[in-house]
Structure formats: C-alpha cells, structure tokens
Amino acid sequence: MAKLNLLLLAVLVACAIGLVTSQHKARKLFSELEREQNRARDLDVEYGRLQLEASTWGLHSRVEKIATGTLRLRAPEPRRVRIVTPGAAH
Amino acid sequence: MNAATQGLVRLPVWRARFVLAALLAAFAVLGGRSVYLQALQTGFLQEKGDARYSRLIEAPATRGRILDRNGEALAVSTPVKSVWAIPADTELSGPERRKLASLLSVERNELAKKLEDASRDFVYLKRQVAPEVAESVAALGLKGIYQHPEYRRYYPGGEVTAHVIGFTGVDDAGQEGIELAHQASLGGKPGTRRVIKDRLGRIVEDVESIREAQDGRDLTLSIDSKIQNLAYGALKTAVVQHRAKAGAVVALDVRSGEILALANVPSYNPNSRARLGGAQLRNRVITDLFEPGSTLKPFTLALAIESGKLTPATTVQTAPGRLTIGNYTIHDTHPGAALSAAQVLQKSSNVGMAKIALSLPREAMWDLFKHVGFGAAPQLGFPGEAAGRLRHYRSWRPIEQATMAYGMGISVSLVQLARAYTVFARDGELVALSLVKTGTATSGEKLLSTETARAVRAMLELAVQPGGTGPRARVMGWRVAGKTGTAHKQENGGYAPDKYVASFVGFAPASAPRLLVAVMIDEPSTGEHYGGMVAAPVFAQVMQGALRMMGVAHDAPLEPPELPAEDEEAKENT
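Residue numbers (the numbering used here), protein chains in the order written: chain A, 1 to 90; chain B, 1001 to 1574.
Honestly, the hints are just simulated from the structure, not real lab data. Source: prediction; values computed, not measured. Don't be surprised by glycine CBs; every beta carbon is placed ideally from N, CA and C. Misleading hints may appear alongside valid ones.
To give a feel for the contact side, a few chain B residues facing chain A, derived at Cβ under 7 Å [what the hints assert, rightly or not]: (1) 1030; (2) 1076; (3) 1124; (4) 1156; (5) 1226; (6) 1229; (7) 1477; (8) 1479; (9) 1551; (10) 1553; (11) 1558.
Heads up, simulated DSS-like pairs for lysine-lysine below, C-alpha to C-alpha not over 30 Å straight-line [as the list claims (entries may be wrong)]: (12) A:65 / B:1236; (13) B:1048 / A:25; (14) B:1446 / A:28; (15) B:1189 / B:1355; (16) A:28 / B:1189; (17) A:65 / B:1226; (18) A:65 / B:1245; (19) B:1355 / B:1370; (20) B:1370 / B:1446; (21) B:1197 / A:25; (22) A:28 / B:1048; (23) A:65 / B:1189.
Here chain B stands alone, though its shape is the one from the complex:
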C-alpha cells in the first residue's frame, strides 16, 4: 500500500496544471456571466424583478361639484361600477345567466347575445351600475365577468336646472351647458403612480408618482336655486296654459350682473336622457334668436332723449294710426292721436316710434344697438351663444330704420335683451353678465347719461300702469318698470300672420332696481298672444317671489295692483 503511494507521487506536472486551468476557466465563465447579467442586461432584469412586486396603479380623480350660490348641490359625481366580460372565458349555467340578467336588469336575450359573441374579447354588460348591485354581481363569483370603477353624475335639480348645468357623457366629460363650458376646471385628471405591493396586495411603498391625480375643482354658480325653481314653475305653467311651443326666462341681479335664474321650457331630465330631442336640449335664452318687437322701443327713445331731440313730454302725432314710408305702411292697433313721447312708449305706438326713429341719424341708432350688445355674442362662456343679427347702418333703408326702432329687422337672444335693459336699471351703465358667483357689485360701461336712463325708467314704469300695455306685470309692494313685446315670427323669409313671440322685459323696484327679469313665450296658441297678456304675468310671478326671497325693501303700498277693464287695455302691434 505504502509502496503503491510512493509510486503515485511521481505524477506528471501537466495534470495538476490542467486541473488548475480548468478551474480558472470555470471562474472566468462565471465572472463573464455575472458581468453580462449585472452590467449589460441589468435593465431588462430589473424590469422583470420589479414586475414581480411593483405595480402601476391608477389614482382616481373625481369631477368637481357644481353648486348654486347658496352652496346647494346641482351636480355631484358618485362612483359606480361598469360590469364587463371576456365572452370566451365565461362559462355560465342557465340559472347563473338568469340571475345575472335580473341583477343587471338587462334582457336575457341581450345578455346571451353579448356573451356568445366570441369574436370580441371585451364587452360591456352594463355601464354605470350602482355599487350595491355591483357588489352582489361580484358575490356571484362568475368566471370571465369583471368590473371597473367609473363615475356617474347626478343632477338633483332635474329638469329645473337642466339647461344651465347641461350634462356629461358616459365617460364623465361635459357635453352641454356649464358642464361643457367649464370642462377644463371641473374635470379631474386621473394620475398614475408606481407602488410596491406585498404578498397580501397591500401597498407598502410609493416608488414614484408618474402623474399626480388632480381632482376637479368645485364650481359655484350665480344661480339661486329657489329663484330658478320659481322661474321654471311659472314659465312651465304659462307655456301649458297658453299652449305655447316653448318659453324662456332669465333673471339678473342688477347690481352684480349675475344670472340668478335661467330656465327653458320644454326641458328634460338630465338624469335619464333617453329619447332626447333637439328642441328640449336647446337653451333658448342663450342660443335662440327672435325679433324682439316692442321691447326694443326704449332704446331708440333713450337715444332721442340723450341727443336732445325730445323730452318725455314732447308731443308726437300718431294719427291716423298708420304711416307710409316708401311702399310700406306701418300700422297701430289703435287709431292714433297726439301723444306725448312717454305715451308713445306706454301705448306702444309703432307709428310714433317710427317718426321718432326717422328724426335720428342712422349711425347713432346703430351705434347704441351695437354698444348695448346686439349683434355680438354676450361672452358668458356658454356653448352656442348666439350673436344675433344687426346689419350695418350703411345698408339700412328708411323703412328699416323705422321698423328697427320697434324691434323688427333685428334679431337678439333673450339674454342679450335682458343685459341691454341693465342700461336703464343701472342709470345708464351696461353690466357684464356672469354665470359664476361673484357676489360683488360691479361697475359697467356708461352708455347713457343718468338723467336719460332715469327718464326712460319713469316711462317704463308708466308702461305697466293701467293704460299701458303691461299692467299685468305689476306686483304688490314694489314699483315695476318694463316693456311688453309681441312680434310676428319669421317664417320662410316673411312674417307668419298667426305665429307670435310674446315677451316682457322689466325690473324692480323702480326706485332702486335690484332684479331684472326677461320672459319670452314662443307661439302662444290659445288666442291670447300679446306680451302684456302672456309674458307679463310670468314676469310678475317671478318678480314677486324673487324680491321677497331676496328681502328687498318695499317701495310701493301693499295693495294688490288693480287691473284695467278689458276694453281700456292698450295692446301693441309688435
């Protein structure tokens, strides 16, 4: 044994060297591999490692609420769930399918059709499901059925505030009204962040925030939901009573230019918008144009007073109740007489107005119309604001100058008309309107002298007295000033003989105006079509209630305003 060992000592040296070399080579391979993994492939490997525990999650952002001026919610988003499926993965038994259909309240056939369409690998079974329903769907534990969170917008005001607020689509983006106009600030921006989750799915570390989630900002509107409700109610009653096609009303705070109420009929329920037509969706106050008729008379009259052409006491001869200019004749409903300028407005005489207008330079009239905002969008920041039509004075013929004085041949929107009247309510200042709460009185653009504005105001007050065209606009306890309007509707390039737009614009209290209300009723069709009969009562109802709610001090005795007998009531032609 010993001898044998002795014999083995003499091994060739190359064998040891060979083993050494082999070992070194193995180390070199290992070293190379680790360099390859650590240095060259590190990005890829890091990524794979991260994928095991780090997750990208979406940080949700909610859409801002819309509130009225008193903080009452007009639009609120709440989370809901969408239920979707991968049709190829679902294996539903008959009872399960029935259960699912009844939970989601969808037709069973519909559900079956969606689930059997194997060509699609993603199908919504139902969107915007209430959280409780979604929970019970999840509790069924069905394979291939998934949910993801969404938001749904609710409008507690329903049809009353529908046209102001508008609505959002199923993807929570504004589609109409304020929701669309203020999409940028209302809409939240969902963020994403990278986190590390542990074995139980709990988030244990925030690695990085890729995009910060930004909740939408709340928006406080100038709308007062009490006045809004009152205005909508009064308007709806009137539209039904006179079987009118449509109606619109807008109420402004004279001091701040804030829109306190803006309502349209027909309306719709923004919470369930099936079968919505264009007529219901239209915000007539802002997007619809009409020929205002007599409600435009005070502007021309103001211009005549401002330029010193006449005073409210100046006599204007309106007999014999018609006036021919070129080959066109202007008519009055009543045979004329020698009237004072104030009476021309009170009785709403077209002949008188035409005569006054023709004594004025065309350019000055155009200038005033333009400055009070006709022919230009009112810059409310609302989608679809109509600018209206005001032709350049160079293309006016004499007859057009005369008819424009009483609101024909010019088209305006109700909100433009209401805004223009702030000139009389604010001692000659035109105020900028706002749909967002400002809460402070603003200064406006001075267009008329204080004296002129006050003179016109006194004349407007006369127009609602017995003997004027709008006695039904008066309210108990406050002095009202305003003007009626009745215009033939334009149709196929001419005037329809039996279709009218009745309107009334006015403000109160006349001693120190606070609230301005404009009403427009489209195609009243029960016989009555005069602004003083159809639109003025709506005005009075809104004015009475709103002034009480606003706590405005009385400036008139508390006696119910008496109404004139049927035959002595003045009625206007336009």
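Here chain A stands alone, though its shape is the one from the complex:
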C-alpha cells in the first residue's frame, strides 16, 4: 500500500513539473509569436510607407517633367508608332 502511494506521489510530482515546464514553454513561444506578429505589422506599415514613397517619386507630373526637361525625351510621332495586337499573325 505504502509502495503504491509512494509511486503515485512520484508520478504526481513528475506531472506537476511537466505542467509547469510546458506552460513556461507555451508562454515563451507565445511571446515570440507576439514579437513576430508585431514585426509583421511593422513591415506592413513600412510597405505602406514605401508604396507611398514610390507613388510620390513616380508621380506622373514629376516623371513627365524629368522626361521632357532633363532627359529631353518626347512622345514618338504617331506616324512612327505601329500598334500590334497580341496573337495576330504577321
């Protein structure tokens, strides 16, 4: 009887320690998850900011100004443009 009790006690202690360890692990993993989620959000915010920046740098009026001003580009004469439809046989 006493032996059985002793055995049960040992099992109980093992279980208790297991519970504590797994909870600790769960919390650690959770805080890691939280950190990664925050990072994801930050990256999303940065993506938005970069998108904004891209839009600002690529503003059509700005592109046009640089193209015609600094680079001295101009639209090709309509006569020199040929429009091809994809898939059409030549």
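Starting from the known structure of chain A, arrange chain B on it as the hints suggest.
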C-alpha cells in the same frame, strides 16, 4: 518538585474542554472566512488578482489602401503619434518648453496657453506627429506629456485625384468622395483582447479575444492614374487659358462602363486642407447640374430616326434662321437653309432641332430622356450624386418640348451626360457606370436599335469634320464622333446673357468605340465661349493621349487633322 507535579494532575476537566472549544471556535472562524472568500467574494477577488497581471490591450486595425486600376497607391494610411498632456502634472522649465515647442513646431505662446489651463485634465498638444518627431519628444522624458498612436492618410496623387478619392478626418473616418462612400469596407475595426503580461511587460498569454481587430479592405478603383493625370492637366490648362470659373472632365471605358478619369478644377491638396472652400471641394462631374445645350441634340434625333420619322438624309427647312412658337422665338447663329437631318446636327441648328422635336410625341421624348438616365441619380455609390431635373411630359408646353430637344429646360450632371452617350457608342446599349475596377466588358440596357445608334454615330462623326461645330475635337490617327454644346447659364430664374457653359461629349475610335470623354467648362471669360473652341480641344488632348496609352488600334490615317478657316467654322447657339 515531584510532589508538586503530582498535585497538578488533578486539574478541573473544564479547563481542557475550554481550550478545546476555543481551538474549535478558531478553526470555525477560519473555515467560515475561507468559505466567505472562496465562495461568496470570489468574483471580486479574482478581478483584483487579474488586475495585477492581466491587461486589456487594443489591437490596432489599419484603414484599407485605395489603389488605381494598375495597383498604384492613391491613398495610404501610415501610423503617426498624437502628443497630449495632463496640464496639472507637467512641470516644464523654460528651455524644456522651448525645445518642445520647436520639436512640435507650434507657437510657444500657444503651447504655454495649453499647458497652463489647469482646468482641463487632457489637452492635445499636437495631433498626427511624424513618428521620428514623436520619438525625440519621448526622448526628452518630460513629465505629464504622453503620446498615443493614430493613423494619418496620405494622398500621393494630391490635387489630381482629390475629388475622386476625397479625404478622411483626423479620426481616420471618410469625409468626402470614395473615402466616405466606401467607409464601411475601407475602415478597419480596432479590436480588444485580454492578455497576461509578465514582470517585464511582455505578453505571455492570450486569455481571450474580446473583439477581433479587422483591417480595412483595400479598394481598387477603375481610375487609371495616367489618364487621370492627363485629363486633369489638360483641363487645368484650359480653365486657366480661358479664365473660366471651373471645369470638369470625365472619361469612360465604353466596353466596361468603368470611369477611367474624373477630374475637376479648381481642386485642392487633400494632404494639407487648410482654407478649403466649398467651390474647391465640389465634385462638379457628379454633383453639379447644368443645362447641357446642344450636346442633348443627338437624343431627340435618334428618337426621330428610331420612330421612322426621318433618315439622316431627310431635308429639314431651317430658313430663315428663326422659328416662333407661341410668343417665343428660337434663333440660329447662321441664317438657315434647307439642311439634311445630318447637317442639322453638324451645324447644330436649333430651328431644325425644334422642328424635328415638334414632330415627335412628347411622351416618347420624355421616355427616352428618362431611360438614358436623366432626372435620376446615376447610382455610382458616390456621396451627393445629383439627379438633375426632367419635368414630366404632361406639363410640357410646345415651346418647352422644342427647347428641350437642344438641351434647355432640362438639367443634367456631366457624368449623366457621359453615360447617356454610351447609347451611341455601344450600338444602342446604355451601360451602368462603375468607379470600382471590374475589368470586364458588361452588357447594358438596349434602348435604341443598332442601326439607329450607328446612324447617329455617323452624324456625330460629321459634326467634328470641317463644316461642323467641333473640328478641334479631332485627333490624329483615330476617328472621333462627338457633339459640342454651348449654353447660357441660368441666373436668378433667367438666362445670363454673358455667362456660358461650354461642353463637349464624344468618343473614339468611331469604328469601334473604346473611350468616351465628356468635358465641361464653366464661364469661360476671354471672349471664346463656344463648346467647339473651349471644350473640344481639351477633349482632343485627353482622347489622343489616352488612346495611345490604352494601345487602341488606329482607324484613321496618321495625318494631323486640318482646321477650318475662322469664317467657315460653324458655331452653335446653345
């Protein structure tokens, strides 16, 4: 000693019992207390315990982005900070205050006033501060100064897309335009959740999610920012050149009914909205009504052809250039002659149009106007859509039926007019418009037979040829069909003699229409006020550029369209 102990053995029994009873009573008290705490007060205690380590935190949600049809960002939210203070708690020294004022770029007096107002226990020092600035404010480590996160909306398109997109208020809710119309799907819903934090403030366990945070959905508009930019630029130049009060332009994809560009002048910069007036904010394309004038003529003509009353070749006598109905006389700019129906449209003769209109039943005219969408809001899902005025045919007098044929006594918005013209561009089908990208061709409501629509299209093409009213609407490489309009503005119940609205509606390529553009210029005041002189060049500029960008195949020789000499140009009256 032994004897003494012997003597003590004989203690009275009640003493032992007394001690026992006292001990039992103490246990009973303890037991009772624990029952009280565990069973009766458990809720309260649990709460107190939770408060030590569990926290309610807000899960932020961002507002959805607005993109153009090619995925270019038109409105993006980025996080910023708001700096606020509890005035009673702040103890700022002079230099600290100066530093804070310069960091936040607010007036020092203003800051002092806010901080010394001890009656308030919450005051915003500055809202929507850039994150970098907020960081350096936090680095000062000032007592009683706090920050909380907010979002700020940026519009890279600026004034070009201002009227379509609209803007949000300081609390990130839509106030105008698409931002307001699609508030429900764009707006994120911040959530709250209960978590357990450890000693270092790290979140270690998610207890429950009270409300899931929902990010706003991105919205892809039908707007093509290249065409939009082109349209805005051309419109702005024209408004400045003709010293007009305002102008509006809208471009539609004929096949899908998508709005590719929608621009207004005067505009505003949605990123800094100080000193905004109502005139700048108005989206004239959608909310402003005007009497369209001659641009309405093709509808009555279409009805006459549809009902078999005439063909484009039928002769209509417009001499001597005026027509009296009741006590009102209709005038033409040119003395009339015997014109074919096609020429009536080409020269934009009011007398001819009035005669054609009077040969038609009132009900049929009203019916067509109603079916092409006049007098009803165009259902774009945009705030403030104007319905326009179309009176019931039973109250029409003959003179009104005649003037309505050339666009007087009826009011429409530019977007209604543009939509109505899809009937001619799509072989008789009226298409539903969309501001959101659909990307697919849609079928519309068949209102006219294909033959009638094609006949009117041919007549509209004639109207932009030399000898018509709109030769300046032609572009190199594509056949254009369209109609000019010049209308007197209504003022105080009458028509102002010197205030006009010039308009042009047309589409191209005429052989297989792809793009429809409508232009309206309000009160051009440099002498020129005809639709063919003021609005048609804007149309041509937008059409030329947009067709090239869309890669539409040419259907006309690549020669610059010749312009007629000044004296042989036809000018319309309305």
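Verification of the hints:
Because the smallest distance between the Cβ of residue 1030 of chain B and any Cβ of chain A comes to about 26 Å, over 7 Å, the interface hint for this residue is violated. Nearest Cβ of chain A to the Cβ of residue 1076 of chain B: about 5 Å, under the 7 Å cut. The hint holds. The criterion of a C-beta within 7 Å of any C-beta in chain A is not met by residue 1124 of chain B, whose closest approach is roughly 23 Å, and the hint is violated. A distance limit of 7 Å between C-beta atoms decides the matter here; for residue 1156 of chain B the minimum to chain A is near 4 Å, and the interface restraint holds.
Because the closest C-beta pair between residue 1226 of chain B and chain A is about 6 Å apart, less than 7 Å, the hint holds. A distance limit of 7 Å between C-beta atoms decides the matter here; for residue 1229 of chain B the minimum to chain A is near 4 Å, and the interface restraint holds. Annotation: interface hint on residue 1477 of chain B holds; nearest CB of chain A at approximately 5 Å, less than 7 Å. Restraint check, residue 1479 of chain B versus chain A: the minimum CB separation of about 14 Å is more than 7 Å; hint violated.
Checking residue 1551 of chain B against chain A: minimum C-beta separation of about 6 Å stays under 7 Å; hint holds. For residue 1553 of chain B, the interface hint holds, the least distance from its beta-carbon to any beta-carbon of chain A being 5 Å, beneath 7 Å. Taken as an interface hint, residue 1558 of chain B checks out: its beta carbon lies about 5 Å from the nearest beta carbon of chain A, inside 7 Å. For the hint pairing residue 65 of chain A with residue 1236 of chain B, the CA-to-CA distance comes to about 16 Å; that is within 30 Å, so the pair holds.
About 26 Å separates the Cα atoms of residue 1048 of chain B and residue 25 of chain A, which keeps this hinted pair within 30 Å; it holds. With a CA separation close to 66 Å, the supplied pair residue 1446 of chain B and residue 28 of chain A exceeds the 30 Å bound. A distance of roughly 61 Å separates the Cα atoms of residue 1189 of chain B and residue 1355 of chain B; the hinted pair therefore is violated under the 30 Å criterion. For a cut-off of 30 Å, the pair hint linking residue 28 of chain A to residue 1189 of chain B stands: about 29 Å separates their Cα positions.
A hinted pair counts as satisfied when its Cα atoms are at most 30 Å apart, and residue 65 of chain A with residue 1226 of chain B qualifies at roughly 14 Å. As the CA atoms of residue 65 of chain A and residue 1245 of chain B are separated by approximately 27 Å, the hinted pair is consistent with the 30 Å bound. Proximity of residue 1355 of chain B to residue 1370 of chain B is assessed by CA-CA distance (about 21 Å); at most 30 Å being required, the pair is judged to hold. Only pairs whose Cα atoms come within 30 Å are accepted, and residue 1370 of chain B paired with residue 1446 of chain B is accepted, the gap being roughly 14 Å.
Distance check on the hinted pair: residue 1197 of chain B and residue 25 of chain A sit about 15 Å apart at the alpha-carbon level, within 30 Å; holds. For the suggested pair residue 28 of chain A and residue 1048 of chain B, the alpha carbons sit about 25 Å apart, so the restraint of at most 30 Å is met. This hinted pair does not check out: residue 65 of chain A and residue 1189 of chain B have alpha carbons roughly 41 Å apart, beyond 30 Å.
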